[in-house]
Amino acid sequence: MARIRVIYENGSPERTIEFDPAAAPFQHDGQPGSVLDVLLGHGIHLEHACGGNCACTTCHVIVKQGINSLSEATEQEEDMLDRAPGLTPTSRLGCQAVIEDADADIVIVVPRYTINQVSESR
Amino acid sequence: MERPAYRARVERILEHSADTRSLFLRTVTGRMPFYSPGMFISVKIPLPEELRIRPYTIATSPEDGEPFELIFNLVPNGRGAAWMFERKVGDLLDFTGPFGAFTLERAPDRETVFIAEGTAVAPIRPMLRRALSQPCSHSVHFIYAAAKPERLLYRAEFESLAVTNSRFRFEPLIVQGKELYESLSDEVARRWVHGDGERRRDFFLCGIGSGVLKLRDLLRGAGYERRAIHYERW
Ligand SMILES: Cc1cc2nc3c(=O)[nH]c(=O)nc-3n(C[C@H](O)[C@H](O)[C@H](O)COP(=O)(O)OP(=O)(O)OC[C@H]3O[C@@H](n4cnc5c(N)ncnc54)[C@H](O)[C@@H]3O)c2cc1C
Ligand code: FES
Numbered sequence: 000m001a002r003i004r005v006i007y008e009n010g011s012p013e014r015t016i017e018f019d020p021a022a023a024p025f026q027h028d029g030q031p032g033s034v035l036d037v038l039l040g041h042g043i044h045l046e047h048a049c050g051g052n053c054a055c056t057t058c059h060v061i062v063k064q065g066i067n068s069l070s071e072a073t074e075q076e077e078d079m080l081d082r083a084p085g086l087t088p089t090s091r092l093g094c095q096a097v098i099e100d101a102d103a104d105i106v107i108v109v110p111r112y113t114i115n116q117v118s119e120s121r
Numbered sequence: 000m001e002r003p004a005y006r007a008r009v010e011r012i013l014e015h016s017a018d019t020r021s022l023f024l025r026t027v028t029g030r031m032p033f034y035s036p037g038m039f040i041s042v043k044i045p046l047p048e049e050l051r052i053r054p055y056t057i058a059t060s061p062e063d064g065e066p067f068e069l070i071f072n073l074v075p076n077g078r079g080a081a082w083m084f085e086r087k088v089g090d091l092l093d094f095t096g097p098f099g100a101f102t103l104e105r106a107p108d109r110e111t112v113f114i115a116e117g118t119a120v121a122p123i124r125p126m127l128r129r130a131l132s133q134p135c136s137h138s139v140h141f142i143y144a145a146a147k148p149e150r151l152l153y154r155a156e157f158e159s160l161a162v163t164n165s166r167f168r169f170e171p172l173i174v175q176g177k178e179l180y181e182s183l184s185d186e187v188a189r190r191w192v193h194g195d196g197e198r199r200r201d202f203f204l205c206g207i208g209s210g211v212l213k214l215r216d217l218l219r220g221a222g223y224e225r226r227a228i229h230y231e232r233w
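Heads up: the sequence lines are chains R and S, in that order.
Here numbering that gives the first Met the number 0 is used: the first residue of the first sequence is 0, the next is one more, and so on.
Here numbering that gives the first Met the number 0 is used: the first residue of the second sequence is 0, the next is one more, and so on.
Hints were generated in silico from the structure; no laboratory data involved.
There's no promise every hint is true.
Each computed EDC-like pair below joins lysine to aspartate or glutamate, with the alpha-carbon atoms no more than 20 Å apart [what the hints assert, rightly or not]: (1) S:K213 x R:E77; (2) S:K43 x R:E46; (3) S:K213 x R:E74.
Stretches of chain S that chain R covers, calculated by requiring three or more beta carbons in the stretch to come under 8 Å of a beta carbon on chain R [to be verified]: (4) 44–53; (5) 89–102.
Don't be surprised by glycine CBs; every beta carbon is placed ideally from N, CA and C.
Please put together the full structure from these sequences, using the hints given.
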């Protein structure tokens, strides 16, 4: 079984779940077996304004542990991450980062600001 | 921090064809925030077994205010699109946003090529208006591809824009008997890869599926700067 621990920068209580990556997809938004797929499929909300289509960065997560258990980022994910506020070297898009290791032990932080929202002011 | 949510009422419906329509929406709670051309709203679609989130691009310009327009088509087995299609005048729709990184904030300062297919014209339409909003000398191309003429939306609008604006070139492309992106790739390669050695151009690509990524790779592989190739894949 794989494990994922979710820490919220805004202080919400953290969550940990265990799951079998081979049982993916758990629902149908984002890449099957992605962090987004696993969390939504286990009743944990992660924002996904573009429906998990790599078009917004609202599913930005910072991987604190287990980055090598995740699929490599595609060029499309890298292009989109470039636009994410608070980007770090271990940032990933939850809808694109697929958990590939059956025994993965992953810790992610959901940043306070994931906005890729209104960029014009009144 | 909870993201602000909005509710809008369907004010008008425009039927483009049997499987494509526009909803004109006016917010009834909150006020639609300002947005950049190309942005989408994130619509909450309450299906019986789940709350589905689907992005739909604002096809009108920020300058137009409300009602704002969403344009969409039915998708095989697509329950979100089917729900959108069932909306009637007076129905309410909840959304967050606008969001998005595929935007054009200001008129570009060099030659710019827009490429879209079918309803993926939605972000390009307000972008074109922004791109042509400043007087300057470089050209703005719009290659608009579809398998059938009736899938080219707002054709008269783009044609008349090309008449009134001499630096805008509207180029509809009907692709029959060949894969859409194969034709688009051939056209792009002929004109902007092999046609000259100039690499100071911006491209904005929007469409459905992996063909968009193939166009991206073609252009980046030909030496255009990574950041000059803007794209959104639906
Ligand atoms: C940033 C963004 C903006 C978008 N804006 C629009 C918009 O303005 N208008 C619009 O019609 N759609 C738009 N879409 C697509 C839309 O969000 C939904 O994916 C689409 O309506 C299908 O959702 P569904 O739940 O019915 O089907 P799903 O079961 O989720 O089906 C998804 C499949 O449909 C394909 N698909 C997505 N859009 C289309 C389409 N228009 N025609 C044919 N196949 C499609 C996808 O590539 C995918 O294979 C956008 C997508 C993104 C990522
Ligand atoms: S949900 Fe939009 S990029 Fe992941």
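Non-conforming hints, listed in increasing numerical order: none
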